[in-house]
Structure formats: C-alpha cells, structure tokens
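Dock chain B against chain A, hints included.
Protein chains: 2
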Amino acid sequence: MSKFSNQRIKKVTAYTPGEQPKDRRYVKLNTNESPFAPSPYALRLARLAAADLKLYSDPECRELTAAAAEAFGIEKDEIIFTNGSDEALNFAFAAFCDENNGAAFPDITYGFYKVFADLYGVPTVEIPLKDDFSVDVNDYIGVYKTVFIANPNAPTGKALSVGEIEKTVKGNPENVVVIDEAYVDFGAQTALPLIKKYDNLLIVRTFSKSRSLAGGRLGFAIGNKELIADLNRVKYSTNPYNVNRMSQAAGLGALCDSEYFDYCREKIINNRNYLSMQLKSRGFEAVDSLANFIFAKKAGVAGKEIYLKLKEKGVLVRHFDTPRLTDYVRITVGSKEELDFLLEALEEIL
Amino acid sequence: MSKFSNQRIKKVTAYTPGEQPKDRRYVKLNTNESPFAPSPYALRLARLAAADLKLYSDPECRELTAAAAEAFGIEKDEIIFTNGSDEALNFAFAAFCDENNGAAFPDITYGFYKVFADLYGVPTVEIPLKDDFSVDVNDYIGVYKTVFIANPNAPTGKALSVGEIEKTVKGNPENVVVIDEAYVDFGAQTALPLIKKYDNLLIVRTFSKSRSLAGGRLGFAIGNKELIADLNRVKYSTNPYNVNRMSQAAGLGALCDSEYFDYCREKIINNRNYLSMQLKSRGFEAVDSLANFIFAKKAGVAGKEIYLKLKEKGVLVRHFDTPRLTDYVRITVGSKEELDFLLEALEEIL
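Keeping their order, the protein sequence lines are chains A and B. Residue numbering for the first sequence follows the working numbering, beginning at 1 and increasing consecutively. Residue numbering for the second sequence follows the working numbering, beginning at 1 and increasing consecutively.
Please keep in mind that the hints were generated in silico from the structure rather than gathered at the bench. Don't take every hint at face value.
Since the list gives no way to pick one copy over another, a pair counts as held whenever it fits inside one copy or between any two copies.
Claimed, not checked - The calculated lysine to any residue pairs, modelled on SDA-like cross-linking and capped at a C-alpha distance of 25 Å, are:
no., residue 1, residue 2
1, 10, 99
2, 10, 348
3, 114, 6
4, 225, 17
5, 10, 98
6, 196, 260
7, 309, 55
8, 10, 174
9, 22, 44
10, 297, 282
11, 11, 77
12, 197, 19
13, 309, 5
14, 3, 137
15, 22, 256
16, 114, 327
17, 280, 174
18, 311, 58
19, 309, 141
20, 114, 98
21, 297, 263
22, 3, 193
Quick caveat: nothing in here was measured; it's all calculated off a predicted structure.
Chain A extracted, bound-state conformation (with noise of 0.2 Å):
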C-alpha cells in the first residue's frame, strides 16, 4: 500500500478470485463455469459487434433491454445490466448501505458480501447457518439491515423456496433483501414474481453461469423501478458505458436462444446428478445442491488433501480454508468427461 491510501482501503481485505494457473492444463472444477461454449447465436453476434467497436456502447442497453424485458415478462425501467453480477452487488451495497446502514448475510455464502461491505464501512451481521448448511429464514426477520442471501447459496448449493424468500422479503419492509440468483437457473426457485408485489427485492443474475458467458462479463439486477433508478445513478456516478458492445451482443443473443439454454441447463442437472451419485459411492458425503457445482466431503480425509492432490493431478476444484468449510471441496459440475476424469483422479487419491 502506498502512502497516499485513504482509510477506506487501508481497512478492506480484497476478494480472492478462485484460481487461474497458466503452469499446465487442468480440468478446471474450481470457479462454476459452464462447460459448454456460449450459445452459437450468442457467438456470432458478439463476432459482429466487433466491427463496431469505434463507437462507445450504448449506456442504456437498449436492445439487451428490450430483449430481457420480454424474456423475463417485466418492465424495461425494472431491470439493469452490469458487468458481472458482482458489479450488481457493488452497486447495491454502494446505495443501500453505508456506516448506518448495515447488512446481514449467512455466515457461509459468498464470500464477496462481507469484502463490499468492508470496503464502504459497513456494520454486518453473519447469521450462522443451521448445521445441516441451511438458512432458517426466521433469523432474517426484522433485522434492519440489508438482507444478501444467495439462493440456491454457494459455496452449498442448498435453495430456499420461493416462500421463504417471500418470507424474509416481508419481514423486512424497512430495508431492501437482495436476492443472489447466480445459480438460479439449474433447479432452484426464482423469487422473481415477488417484484411485481414488493418495493424492497432485488434479484441479482449473471450469465456466467447458465449461459457460459463468465468471460464476456454480464450480470443483471431486477427490482422495482425505484431500485433499479438507484443503481442507476451509480452506474451513472461511476462508470455510464459499463458493458462493451460485444458482451451486450453476447448477452443478446443468449438471451433469445432459449432452446440451447434448456437443453446446456438440462445436461447440467444430469451431470449434477451423476457426479453425486459417484461420489456418495465412493464415501463421500454431499451436500444436496440445486446449483452446478456439489459441496462435499469424505470421512477422514481433510478438503485441503483432496484439493492438493487432486491438483497434481491436474484437476482444480475449490477449498475454503475456514472453520466450518475446511473439512469440504466445492466440485463444479462440468461435462461427462470432466467428471469421469475427476472420479478417476480421486480412486487413484484414496
């Protein structure tokens, strides 16, 4: 740090990234990308949208707009897009909260929440989880603070019901819940018909996962309009021209492909399936997810071994190195292949 820091960075400990080694080739179980390419439709229009590059993107997304509009059935002033879905949660966390307005967040869930919330000086509360790695929407009522709850929740992939989330969003009328959907889209309930209802939900999305597009650096917020406006004017405060034209001809053109979304989402359920199925054969004992990667964990054998080892191998999965976390691997779902190296890889280990 230099010494020309101010408080504000001197105090934050930044986010670390999931692992990106360019030492040799690895199955890359690690960060929840998709394995499948991007819709070719998707593709073809980020191609083209090349040509236009001389020319600023549109600030607006006008056309990403209107196609998300229809696709999701609301509004084009309810929803906004982002670079990234962490680019929605920073904007969130920039309007709702600050030294007086604080947040509330599982103490297990992504990690990111507690970084933003360090980094503008904002009170936190971590509600633990049960020990079976739910969140028991009771301990979210009332709280007064900035609700961020991940659903289905990484890195467990455990999903509360959309009457749960109603729950909480009724619970706190006072205060905005915001809703992370990253991992929505392989099984788990979406809370997005509760925006119509309640002023106070914001529902985060990427389409880094489901859509494969974790490199073109997409993300969305959905809310009421009022919501959506304020993280506008950050948006407008700090970066107006937030999504290059080929990501938002990306994003375009994944959105309209609705058949290849189906069919990429579906082989995702069925690989999530298969690998818990071969890893509850094997001994371990998994965490049931609704998301594209599985938590899980084997008697007697510490996560960090398996992480290690199964790097050597050249498979890369993810270890948090906390309390509660440690004893566990966060697998991503990948293709058939993908995985079938993976169990290989850990006969060989155990």
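Positioned in the frame of chain A, the structure of chain B alone reads:
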C-alpha cells in the same frame, strides 16, 4: 430514488454521457470517438477470444500486461487495466480521496471528476482556467489535495508540457497527481517518463480514442507500483474480473499493431489541422487543440444554436450549457468526409 437509498447517492448528480440518439443516422462528432475502425489484428484477436467465453477472463490481464509493459517500457506491476479509463479514475478517487482527503482540478475539465468527488463525499477545489483556457500549474503547487489534470484538457484540447506536469508532481509530494492522458496520443507530451522518478504520479489512459476501441471499454493506469497496488485493492474489492476476454484480446491486438496506430493518429492530426483552418476561414475562433476534437465558437451565434441546427442537419456535436462554455461547441475530428459534411452543414446554417 427509492426510500432505501443512502446519503451517498441522494446527494450525487450523475454524469450525463454524450447523447447516442437512434432516431436517425447522424454524422457523429460528439463523443470523441475515432473515425477509424480498430486495428484489423485487434478485431481478429477479439473474435478469436469469443471461443473461450465460457471461462472467466484473466483477472490479472497477464498477456495484455506483458505486452503493455514492453510497449511502454515499464514493469508489469506498474500498470492496471480497467473497464474503460472511467473505471481507473473511479479507482483513484476510491483509493486516494475521501471526506478528509480532497481533490483539486480545473473548473473547466472532464465533468466526471466532480461526479466521483460528490459520490465519495470528497471536498473539492475547482481552480479556474486562465481566460485563454490554459492551466497555470502555479495554481496547483502545494494544494494538499489529490490533483486531477486532463492533458490535453477537455473540452478545450489545450495541453501542458511535460515540464509543467513535473512541476505539479514535484509541488505536491504528499498527494497523488493524476494526469488523465485520454487524448495524449494526438500530439501532446506524455508524462510517462516521470513515473520512475516520482512515487506520486498516476497516468490514466484509454483505448477508446487513439486505438478506436471505445465500444470495447478498455483503459489503464500507469504509476509507481505501490499506487497500482492501491488501485488493485479497489479492483479486487469490487470487481476482480473487470475486463472481459474479448476486450483483453482486442487491446492486445491494438497494442501490437503500432503501424496502424501511427497511421490513424497521423490522419487525425492532419484532419484536425484541416478542420481548424476551415473553421477559421469561416469566421470561427478555434482553441489550439492537441486532442482529437476542436473547441470553437463564432461571434454572434450561440453555441447552443449551432449545436441544435447541426443536429437538425444530421450532425452531432457537443454543447456544454455552463457560463464559460456556452458560446462554444466541441467538434470531434472525424474523417475527411465527415468533416466536409459538417462544413457544408455549417455553411447552410450560418
């Protein structure tokens, strides 16, 4: 604004980007884009990169960083890439300025500096330009605030010498001096050689202008490695994967194709001289510009009138409705054909 919004966003007045109307085709000379397509090599690499979009982009931008380090004669830890240079400026405000650490910049300059300052609650000093729109660096010595100077300045196009920049940097050893070199490639002197000598100089650049990649959203900052580490703390606390795969690839191609880069900027410099002469021969007063735009006025005709009448004729230029600027329009240096279209329209109007 919703009832959930915090003080931070309640008090900020967001930035207004140049208009991007879609009602008809315009000769677009309002947002300082390049009239030339990006380097063909940049486009090829961007399109190739689309194939890997299912995977996250490299948060460290390693290939791009290595190429830039070589191109600019710096170390890899002396540069950070951002989602457009607005993001680099945002990171600088977030890292170095707060309620207790103010910012100083000219009263007439890139309008976004004031927006960032308001968002972060940063006290500002706006130092008036001289009557001829020049910056007097003596006004910036020992201001005990983070200094932001666009060089060349916008919307005037006037530039400081590297000696004047050095005086400013030397005169504020306790604060960072940010030189925004968005337009430096069109004939002004860069302060790059000074970064080895001073630990408080940060240079911000963009691929949007001289490298024809406005729609790709790629910017960067160069400075002492500790300053860059500070900006990285902000990046890794808000959006680690801030630059998508296609833009990283396009940037790499643009950096490597120095022949095309030189060809484009030479053309733009020639066109600027042509536009300046033609405007003057039509009774305009034009500020001497080292940027890819010209700030000009005509006695007896309001800037707004010129702007509106040109818009009617299908030519977009930019007008700023503030006291010292209201007589002027800012005209982007387009292609020869675009400039002739503009000049004909001007003749019909006046």
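Hint check results:
1. In this assembly of identical chains, the alpha carbons of residue 10 and residue 99 lie at most 25 Å apart whether taken from the same copy (16 Å) or from different copies (15 Å).
2. In this homomeric assembly, residue 10 and residue 348 never come within 25 Å of each other (Cα to Cα): the closest approach is 45 Å inside a single copy and 59 Å across copies.
3. Proximity of residue 114 to residue 6 under the C-alpha cut-off of 25 Å is found in both arrangements, the shortest distances being 19 Å within a copy and 19 Å between copies.
4. Taking CA atoms no more than 25 Å apart as the test, residue 225 paired with residue 17 passes between copies only; the shortest distance there is 21 Å, against 32 Å inside one copy.
5. Within a single copy, residue 10 and residue 98 get their C-alpha atoms as close as 17 Å, and across copies as close as 12 Å, so both meet the 25 Å cut-off.
6. For the homomeric pair residue 196 and residue 260, neither the shortest alpha-carbon distance inside one copy (28 Å) nor that between copies (52 Å) is at most 25 Å.
7. For a Cα distance limit of 25 Å, the shortest separation of residue 309 from residue 55 across copies, 23 Å, qualifies, whereas the shortest one inside one copy, 48 Å, does not.
8. Taking identical chains as interchangeable, the C-alpha atoms of residue 10 and residue 174 lie at most 25 Å apart only when they sit on different chains, with a minimum of 17 Å there against 32 Å within one chain.
9. Within a single copy, residue 22 and residue 44 get their C-alpha atoms only as close as 28 Å, which misses the 25 Å cut-off; across copies the closest is 23 Å, which meets it.
10. Taking the shortest Cα distances, residue 297 and residue 282 sit within 25 Å of each other inside one copy (11 Å), while across copies they are farther apart (78 Å).
11. In the homo-oligomer, the alpha carbons of residue 11 and residue 77 lie at most 25 Å apart only across protomers (22 Å), although the nearest pairing inside one protomer, at 36 Å, exceeds that limit.
12. In the homo-oligomer, the alpha carbons of residue 197 and residue 19 never lie at most 25 Å apart, since the shortest distance is 41 Å inside one protomer and 34 Å across protomers.
13. In the homo-oligomer, the alpha carbons of residue 309 and residue 5 never lie at most 25 Å apart, since the shortest distance is 40 Å inside one protomer and 48 Å across protomers.
14. When the C-alpha separation of residue 3 and residue 137 is checked against a cutoff of 25 Å, the pair qualifies only between copies, where the shortest distance is 24 Å, while the shortest distance within a copy is 44 Å.
15. In the homo-oligomer, the alpha carbons of residue 22 and residue 256 lie at most 25 Å apart only across protomers (22 Å), although the nearest pairing inside one protomer, at 34 Å, exceeds that limit.
16. When the C-alpha separation of residue 114 and residue 327 is checked against a cutoff of 25 Å, the pair qualifies only within one copy, where the shortest distance is 22 Å, while the shortest distance between copies is 50 Å.
17. For the homomeric pair residue 280 and residue 174, neither the shortest alpha-carbon distance inside one copy (44 Å) nor that between copies (60 Å) is at most 25 Å.
18. For the homomeric pair residue 311 and residue 58, the shortest alpha-carbon distance between copies (19 Å) is at most 25 Å, but the shortest distance inside one copy (42 Å) is not.
19. When the C-alpha separation of residue 309 and residue 141 is checked against a cutoff of 25 Å, the pair qualifies neither within a copy, at 43 Å, nor between copies, at 58 Å.
20. In the homo-oligomer, the alpha carbons of residue 114 and residue 98 lie at most 25 Å apart both inside one protomer (13 Å) and across protomers (21 Å), since each shortest distance falls under that limit.
21. In this homomeric assembly, residue 297 and residue 263 never come within 25 Å of each other (Cα to Cα): the closest approach is 30 Å inside a single copy and 59 Å across copies.
22. Within a single copy, residue 3 and residue 193 get their C-alpha atoms only as close as 50 Å, which misses the 25 Å cut-off; across copies the closest is 22 Å, which meets it.
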